[in-house]
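Protein chains: 2
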Amino acid sequence: MRKGFLLIISGPSGVGKGTVLHDLMNTQNNLVYSVSVTTREKRPGEIEGVSYFYKTHEEFEQMIKEDKFLEYAKVHNNYYGTPKDFVINKINEGKIVILEIDVQGALNVKKNFDNGVYIFLAPPSLSELKNRIVNRGTESEEDINLRMKNARKELQYINEYDYLVVNDHLNSAINLVNEIINAEKHRVSREDINFEKGE
Amino acid sequence: MRKGFLLIISGPSGVGKGTVLHDLMNTQNNLVYSVSVTTREKRPGEIEGVSYFYKTHEEFEQMIKEDKFLEYAKVHNNYYGTPKDFVINKINEGKIVILEIDVQGALNVKKNFDNGVYIFLAPPSLSELKNRIVNRGTESEEDINLRMKNARKELQYINEYDYLVVNDHLNSAINLVNEIINAEKHRVSREDINFEKGE
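Protein chains in written order, with our numbering: chain P, 13 to 211; chain G, 13 to 211.
Keep in mind the hints are simulated off the structure, nothing from the lab.
Some hints here could point you the wrong way.
You can't tell identical chains apart in this list, so a pair holds if it fits in one copy or across any two.
What the hints assert, rightly or not - Below, computed lysine-lysine pairings styled on PhoX-like, alpha-carbon distance capped at 25 Å:
1. LYS86 with LYS123
2. LYS197 with LYS29
3. LYS54 with LYS197
4. LYS142 with LYS80
5. LYS107 with LYS161
6. LYS102 with LYS122
7. LYS15 with LYS161
8. LYS197 with LYS122
9. LYS86 with LYS15
10. LYS161 with LYS80
11. LYS80 with LYS122
12. LYS80 with LYS107
13. LYS123 with LYS29
14. LYS122 with LYS161
15. LYS54 with LYS102
16. LYS96 with LYS142
17. LYS107 with LYS15
18. LYS197 with LYS86
Extracted from the complex, chain P is given alone in its bound form (with noise of 0.2 Å):
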């Protein structure tokens, strides 16, 4: 059977990468989330495994020293971590496992598994994410401000990816990240490459 392979998508607060996921996630089959584990508490409606796998803060702190996590990281004294078991078994299945993660995630991620796709997705602009951040109304103009400086330092590492998606136009967006996905299926490294000898 042919592998799967970890699918990166990172980039700025703001760019769109949500959305270019969900309607991924309905046009490629073969596609699954990683399911991260966490230390917060479990909130109603979300489901063990499906949503996240909830541990205590010392069962974290063992997986820590267990090495057994893609990247993790604290968050308002929370554990938040990607599990390498979950996205390598998957991998194994033949799965496409979809990793969507800030930037700094996505480069301690790349530490652990240089053999995943590491997909930019950036805006056409400065300017344009301003624009799309302040357009969502829910912002403070300082958060704006913070998210504007980060997202200039995050442009920075565009070189540590492989592709460079532009969101421009959302549906241009999802096809080019459709052609990324179908091209790295057919990756001769990821083949199970088996002709008869005879004919």
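Following the hints, position chain G against chain P.
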């Protein structure tokens, strides 16, 4: 401006390289065929710089000495070669340069040009390849056996390529090559990244 790249389409004789390429040239912009250098006589209707670049034996051998070829071969007392300058100039103009070439030639190019995109076009099976060659009705049994012997050898080299495209149904093979081209156009290594600093 975004740079182009060298796209090598290779695979066994009879697999359908020519058909795939004709359709590609009609559906993708920005493609140019690599023009070979040859010492053979110009035939009626051929055009210098379009069909071939025509050189004398002495000129060709001088070019070999000056390392001007990505690959060359001698066939029936005439030289044929892929000129480096032409390929590199077109790439710098943003073009995707298509080189349709046998497996031996592709492996020679790869020694000189690791930056290309290497596609192996394969038959669905060896028996199907034999059917296609037989159905052409132009080859003797000896020819057919020789082609099959070569094909079996050539399939051993798939691992040297970037992508494997199985030419089962012509349309899906062409779609896949188009998707590979579009994905490769958006490789970060080929992008001219330029976000304005301010907003």
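Exercise. Given a CA cutoff of 25 Å, do LYS197 and LYS122 count as a within-copy pair, a between-copy pair, both, or neither?
Worked result: both (19 Å within a copy, 22 Å between copies)
For this session: First find the shortest C-alpha distance between LYS197 and LYS29 inside one copy, then the shortest across copies, and answer within, between, both or neither for a cut-off of 25 Å.
Result: both (21 Å within a copy, 21 Å between copies)
Exercise. Should LYS122 paired with LYS161 be assigned to within, between, both, or neither, using CA atoms and 25 Å as the limit?
Worked result: within (23 Å within a copy, 43 Å between copies)
Exercise. From the Cα coordinates, with 25 Å as the cut-off, is the pair LYS15 and LYS161 best called within, between, both, or neither?
Worked result: neither (39 Å within a copy, 30 Å between copies)
Problem set entry | Homo-oligomer pair classification [LYS197, LYS54; C-alpha up to 25 Å] | For LYS54 and LYS197, the Cα distance exceeds 25 Å both inside one copy (35 Å) and across copies (43 Å).
Problem set entry | Intra- versus inter-subunit Cα pairing at 25 Å for LYS102 with LYS122 | within (18 Å within a copy, 34 Å between copies)
Problem set entry | Intra/inter-copy verdict for LYS107 and LYS161 if alpha-carbon distance must be at most 25 Å | Answer is neither; intra-copy 36 Å and inter-copy 36 Å both fail.
For this session: State whether the alpha carbon distance between LYS142 and LYS80 is at most 25 Å within one copy, between copies, both, or neither.
Result: neither (37 Å within a copy, 50 Å between copies)
Exercise. Given identical chains, is LYS161 near LYS80, meaning Cα to Cα at most 25 Å, within a copy, between copies, both, or neither?
Worked result: neither (32 Å within a copy, 49 Å between copies)
Exercise. Is it within, between, both or neither when you check LYS197 against LYS86 at 25 Å Cα-Cα?
Worked result: Neither, since 34 Å and 37 Å both go past 25 Å.
For this session: Since the copies are identical, ignore which copy is meant and state whether LYS123 and LYS29 lie within 25 Å (CA to CA) inside a copy, between copies, both or neither.
Result: within (22 Å within a copy, 39 Å between copies)
Exercise. Within a copy, between copies, both or neither: where do LYS86 and LYS123 come within 25 Å Cα-Cα?
Worked result: within (18 Å within a copy, 47 Å between copies)
Hint violations for this structure: numbers 3, 4, 5, 7, 9, 10, 16, 18, all remaining hints satisfied.
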